[in-house]
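A.B. asks: Sequence:
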Amino acid sequence: MAINTTNRRSRGVSPGLRAKAQAGFTMLEMVVAMIVMMVGLLALASAVAYALSVTNGGRNVTNTKLLIVAVLEQMENLRNTKELSYCQISNVGASDLVGCQTDPDAPVFDGFETGFKSVSKVPGPDGLFGTSDDLKVPGPDGLYGTPDDTNDMTLARVGYEREVVITPLTTTLKKVEVTLRYPAGDGKTRTMKGISYLNNDAKNNFLQ
Numbered sequence: 004m005a006i007n008t009t010n011r012r013s014r015g016v017s018p019g020l021r022a023k024a025q026a027g028f029t030m031l032e033m034v035v036a037m038i039v040m041m042v043g044l045l046a047l048a049s050a051v052a053y054a055l056s057v058t059n060g061g062r063n064v065t066n067t068k069l070l071i072v073a074v075l076e077q078m079e080n081l082r083n084t085k086e087l088s089y090c091q092i093s094n095v096g097a098s099d100l101v102g103c104q105t106d107p108d109a110p111v112f113d114g115f116e117t118g119f120k121s122v123s124k125v126p127g128p129d130g131l132f133g134t135s136d137d138l139k140v141p142g143p144d145g146l147y148g149t150p151d152d153t154n155d156m157t158l159a160r161v162g163y164e165r166e167v168v169i170t171p172l173t174t175t176l177k178k179v180e181v182t183l184r185y186p187a188g189d190g191k192t193r194t195m196k197g198i199s200y201l202n203n204d205a206k207n208n209f210l211q
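The opening residue of the sequence shown carries number 4 in the numbering used here; numbering runs sequentially from there.
A hint or two may mislead.
Said to hold, decoys possible - Below are the DSSO-like pairs computed for lysine-lysine, each with C-alpha atoms no more than 30 angstroms apart in a straight line:
| id | residue 1 | residue 2 |
| --- | --- | --- |
| 1 | LYS139 | LYS191 |
| 2 | LYS139 | LYS178 |
| 3 | LYS191 | LYS85 |
| 4 | LYS191 | LYS120 |
| 5 | LYS68 | LYS124 |
| 6 | LYS120 | LYS68 |
| 7 | LYS85 | LYS68 |
| 8 | LYS85 | LYS124 |
| 9 | LYS196 | LYS139 |
| 10 | LYS178 | LYS196 |
| 11 | LYS124 | LYS196 |
| 12 | LYS139 | LYS85 |
| 13 | LYS124 | LYS139 |
| 14 | LYS68 | LYS191 |
| 15 | LYS68 | LYS178 |
| 16 | LYS120 | LYS178 |
| 17 | LYS196 | LYS68 |
| 18 | LYS68 | LYS139 |
| 19 | LYS196 | LYS120 |
| 20 | LYS191 | LYS178 |
| 21 | LYS120 | LYS139 |
| 22 | LYS178 | LYS124 |
| 23 | LYS178 | LYS85 |
| 24 | LYS120 | LYS85 |
| 25 | LYS124 | LYS191 |
Read the hints as simulated data drawn from the structure, not as lab findings.
Taking the hints into account, I'd like the entire structure generated from these sequences.
C.D. replies: Put into structure tokens, the structure is as follows:
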């Protein structure tokens, strides 16, 4: 039997809706979608920047602590090994330095610098951190200690400055303060200080 489909009403999506569906997104819808995507990307970028800032800040704090401890331990090692005499472990110009050169053949030690100075990645020719030759490199003659020596700022840790203050408390006890300025993760400069006490007897590190 034949089926007449001529007058049968079509079912499903109406022609108007079908045309709209086939037309795709309108310009307004695309603009709204782009705005939403941009807001999301900005939020993501802000979160990533904050995470990096926190990470860098934490790393700088750790580095600063290590730099402080290194100088404090250096003072104790200098005393223990007698590389410097107890009275030589002083700041530049300190009264302790006057007449305390026990070895006439040893080079004169001028003391540890005062004020905030750039922090060198390596010690200078004297092998000590915190002295005036930390950034020194030989000039054209290839020799340290000659007039053509220069400061090589590429040896400095960017953003770091250090101050070493050595204060005699008694004739047998000194306070050593190491203060560092360091770059924080938020772009600001912060300060951290470490303190130790040094007596004149390498065999006895305890206060009495």
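A.B. asks: Work down the list of hints and note, for each, if the structure agrees.
C.D. replies: Here's how the hints hold up against the structure:
1. LYS139 / LYS191: holds (28 angstroms)
2. LYS139 / LYS178: Between LYS139 and LYS178 the Cα gap is close to 28 angstroms, so the pair holds against 30 angstroms.
3. LYS191 / LYS85: violated (40 angstroms)
4. LYS191 / LYS120: The hint holds at about 18 angstroms.
5. LYS68 / LYS124: holds (15 angstroms)
6. LYS120 / LYS68: holds (17 angstroms)
7. LYS85 / LYS68: holds (26 angstroms)
8. LYS85 / LYS124: This hinted pair holds, its Cα atoms lying about 24 angstroms apart.
9. LYS196 / LYS139: Holds, because 26 angstroms separates the two Cα atoms, which is no more than 30 angstroms.
10. LYS178 / LYS196: holds (13 angstroms)
11. LYS124 / LYS196: Distance ~19 angstroms between LYS124 and LYS196 Cα, so the pair holds.
12. LYS139 / LYS85: Since the Cα atoms of LYS139 and LYS85 sit roughly 24 angstroms apart, the hinted pair holds (cutoff 30 angstroms).
13. LYS124 / LYS139: Given pair LYS124, LYS139 holds - Cα atoms ~12 angstroms apart, limit 30 angstroms.
14. LYS68 / LYS191: holds (17 angstroms)
15. LYS68 / LYS178: Holds, at about 18 angstroms.
16. LYS120 / LYS178: holds (20 angstroms)
17. LYS196 / LYS68: holds (9 angstroms)
18. LYS68 / LYS139: holds (25 angstroms)
19. LYS196 / LYS120: holds (15 angstroms)
20. LYS191 / LYS178: It holds: about 29 angstroms lies between the C-alpha atoms, which stays within 30 angstroms.
21. LYS120 / LYS139: This hinted pair holds, its Cα atoms lying about 13 angstroms apart.
22. LYS178 / LYS124: Distance of about 25 angstroms is within 30 angstroms: holds.
23. LYS178 / LYS85: Roughly 18 angstroms between the alpha carbons, so the hint for LYS178 and LYS85 holds.
24. LYS120 / LYS85: holds (26 angstroms)
25. LYS124 / LYS191: Distance ~22 angstroms between LYS124 and LYS191 Cα, so the pair holds.
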